[in-house]
Amino acid sequence: MLKLLSSVRITVVCLFLLFVLTFWGTMAQVQQGLYAAQERFFASFFFLAGGWFPFPGAQLVLWILFINLVAALITHFKKQSGWASIGGKITHIGLILYFAAAFFIFHLSRESYVHLGEGDSTNVSTSYTEWELAYWQEQGASRQVTALDSKNFKPGDRVAFNNPDFTLRVAQYYPNSDAYDNGSSPKPAGIISLDAISHIAGKPMDKEREKNIAGGVFDLSFGGKSLTLLLFGAETNPTRVAINGKNYYFILRHKTFPLPFALKLDRFKVAFHPGTDMAKSYQSWVTITTGSLTRQVRIYMNNPLRYKDYTLYQASYDTDPQGRQYSTLAVVKNSARLLPYISCLLVFLGLALHFLTQAIITKLRL
Amino acid sequence: MNFLVLSLAILLLTGCSGQQQPRHYTEVVSQTPQARTVPAPVQKPADNPHAGLNMGANLTPDARANLQKMMAEGQDPHSGIDMSAFAGGSNGPAEPSPYTWSIPKGWKQGPAKMMRLASFYKEGDPDAVDCSIVVLPGTAGGEEANIKRWMGQVGIDLSDANYQKLLGSAQTIQTQGGLQAKVYDLTALSGAAGKSMIAAMISTNGTTIFVKMTGVGQAVKQNQAQFLELLKSLAPKN
Numbered sequence: 021m022l023k024l025l026s027s028v029r030i031t032v033v034c035l036f037l038l039f040v041l042t043f044w045g046t047m048a049q050v051q052q053g054l055y056a057a058q059e060r061f062f063a064s065f066f067f068l069a070g071g072w073f074p075f076p077g078a079q080l081v082l083w084i085l086f087i088n089l090v091a092a093l094i095t096h097f098k099k100q101s102g103w104a105s106i107g108g109k110i111t112h113i114g115l116i117l118y119f120a121a122a123f124f125i126f127h128l129s130r131e132s133y134v135h136l137g138e139g140d141s142t143n144v145s146t147s148y149t150e151w152e153l154a155y156w157q158e159q160g161a162s163r164q165v166t167a168l169d170s171k172n173f174k175p176g177d178r179v180a181f182n183n184p185d186f187t188l189r190v191a192q193y194y195p196n197s198d199a200y201d202n203g204s205s206p207k208p209a210g211i212i213s214l215d216a217i218s219h220i221a222g223k224p225m226d227k228e229r230e231k232n233i234a235g236g237v238f239d240l241s242f243g244g245k246s247l248t249l250l251l252f253g254a255e256t257n258p259t260r261v262a263i264n265g266k267n268y269y270f271i272l273r274h275k276t277f278p279l280p281f282a283l284k285l286d287r288f289k290v291a292f293h294p295g296t297d298m299a300k301s302y303q304s305w306v307t308i309t310t311g312s313l314t315r316q317v318r319i320y321m322n323n324p325l326r327y328k329d330y331t332l333y334q335a336s337y338d339t340d341p342q343g344r345q346y347s348t349l350a351v352v353k354n355s356a357r358l359l360p361y362i363s364c365l366l367v368f369l370g371l372a373l374h375f376l377t378q379a380i381i382t383k384l385r386l
Numbered sequence: 292m293n294f295l296v297l298s299l300a301i302l303l304l305t306g307c308s309g310q311q312q313p314r315h316y317t318e319v320v321s322q323t324p325q326a327r328t329v330p331a332p333v334q335k336p337a338d339n340p341h342a343g344l345n346m347g348a349n350l351t352p353d354a355r356a357n358l359q360k361m362m363a364e365g366q367d368p369h370s371g372i373d374m375s376a377f378a379g380g381s382n383g384p385a386e387p388s389p390y391t392w393s394i395p396k397g398w399k400q401g402p403a404k405m406m407r408l409a410s411f412y413k414e415g416d417p418d419a420v421d422c423s424i425v426v427l428p429g430t431a432g433g434e435e436a437n438i439k440r441w442m443g444q445v446g447i448d449l450s451d452a453n454y455q456k457l458l459g460s461a462q463t464i465q466t467q468g469g470l471q472a473k474v475y476d477l478t479a480l481s482g483a484a485g486k487s488m489i490a491a492m493i494s495t496n497g498t499t500i501f502v503k504m505t506g507v508g509q510a511v512k513q514n515q516a517q518f519l520e521l522l523k524s525l526a527p528k529n
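Just so you know, the sequences run in chain order A and B.
End of the first sequence sits at 386 in our numbering; the numbers just go up one at a time, nothing left out.
End of the second sequence sits at 529 in our numbering; the numbers just go up one at a time, nothing left out.
So that you can see chain A by itself, here it is in the shape it has in the complex (with noise of 0.2 Å):
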């Protein structure tokens, strides 16, 4: 069986479908979008090539391949276990370490962003894609926040905030959607919502994930009062409603990931290519600070700013009607970004070892 499992054909054939995975799902981001492309090709372990015949995805490919690089190592381990071969056991436990960082990337690295003009300054940044209900008591510069995930609401879901002043219910919840009013009529009574928006509907998903904008209605009972609360996730401002005699703020938004630091943007600078609006290049002069530490970085391209599992990279910018230049700086937060690293250097050291040894035999022989 671990002999069948080792089989070197096995490991020819599974790189031979990342390969053909590999061009395909490049290829199919052009019409599916990058994220459709990504769950379908490379998050899957099979899906419907032409909507009929089952191809195997990259994860059921990738846990064979390491399952099969396993036993294959067991096998080195029981034929060999002579100092000579060392270095392919070495190469082998690197190979596997690699298949453990992806799989730890994959499942514990978080992307998200922070956008800044010039003085501002943030603890918290903003997923791309994921979105959350939250609310607070204070409207100020500083708050304190609850917030749960949205991705999971179902009609009639109790919205777990355990707050003693209110219930919220979930009535209705649309990850992709668009806000209404009334046409000429008021709103209705009973409906607590930002501007006019007097009706939220579901619409079919985007491709592009982060152009999707979450929506949902909200059923919020207290001090035996019933209303309707209306969330339109491209709104920017929080909802308020007075309840028990103090002012809650609620709002459906892109989930936010405090950080463990503040970050200040000092300046912002864009070069164009002369005479048109191509960005030739563009940099953030930023203050990074935690506790009483402060530390001024330049975050430009191939220059991110690390700061333990946290990497920010330069990602775009944009400019508002008044011409104020604002910075967008891509997180990355990765618990396993150096086992990446270490796989590749056991895997240096495996290959040298091996070399070497085979060269010493071979002289040996000689």
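Read the hints as simulated data drawn from the structure, not as lab findings.
A couple of the hints might just be wrong.
Okay, derived cross-link-like pairs now, PhoX-like style, lysine-lysine, Cα gap no bigger than 25 Å in a straight line [to be verified]:
no.	chain 1	residue 1	chain 2	residue 2
1	B	LYS413	A	LYS227
2	B	LYS399	A	LYS207
3	B	LYS399	B	LYS413
4	A	LYS227	B	LYS439
5	A	LYS207	B	LYS413
6	B	LYS486	A	LYS207
7	B	LYS399	B	LYS486
8	B	LYS486	A	LYS231
Model the placement of chain B on the given structure of chain A, informed by the hints.
Only chain B this time, still in chain A's reference frame:
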């Protein structure tokens, strides 16, 4: 080793947990209101259909800033724009529209979205079609670039034959306000089930007005009469 054990424990716990618990955190944000807008993820210059064109050459500073913002955010500049750019004045929804129109029977006007002069939808079926009126300064890239972009948006093959076919099918309509509109009907090329569009371009007073309706081909065709009614009612304010 500790890291591996911890990670596995986290995975197992997240996989097995029942009702999710709320997250509590302190958010300290010092930002202007504009900075709270959500930007799209990285937009490479190569993704920009106007890359290489000097889109801002003849714009006012406000209009130029607006256009740059939309391009940086990956938005379709012709699906909506802040009218302050057109008016050359300050930003804000209070800016009066320089045009008037009549809402066709069976349609409703949607809430004023920041980036659009007006949006419309079908009463009782708000998802059937999405219609908008947008005004851009100057030529907004010109006829050819816009038509090719529209064809790309609804997935029509950008071959010369299709392009010529669309150009040939353009209809010229005079609105009640004396504006000359060129109407491009993409439904013949996209089919009834595919995504489709009818769009009109009006060049007037150094600006370009776009009236655009998108939806599934069949729905676009069914709402064509209302679209033309809306277009014909368009007039400059006195």
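Hints, verified against the model:
1. B:LYS413 <-> A:LYS227: holds, 24 Å
2. B:LYS399 <-> A:LYS207: holds, 15 Å
3. B:LYS399 <-> B:LYS413: Judged against 25 Å, a Cα distance of about 6 Å means the pair holds.
4. A:LYS227 <-> B:LYS439: holds, 21 Å
5. A:LYS207 <-> B:LYS413: Holds, at roughly 19 Å.
6. B:LYS486 <-> A:LYS207: Not OK: B:LYS486 and A:LYS207 at ~32 Å, beyond 25 Å, violated.
7. B:LYS399 <-> B:LYS486: holds, 22 Å
8. B:LYS486 <-> A:LYS231: Holds - the C-alpha atoms of A:LYS231 and B:LYS486 are around 17 Å apart, at most 25 Å.
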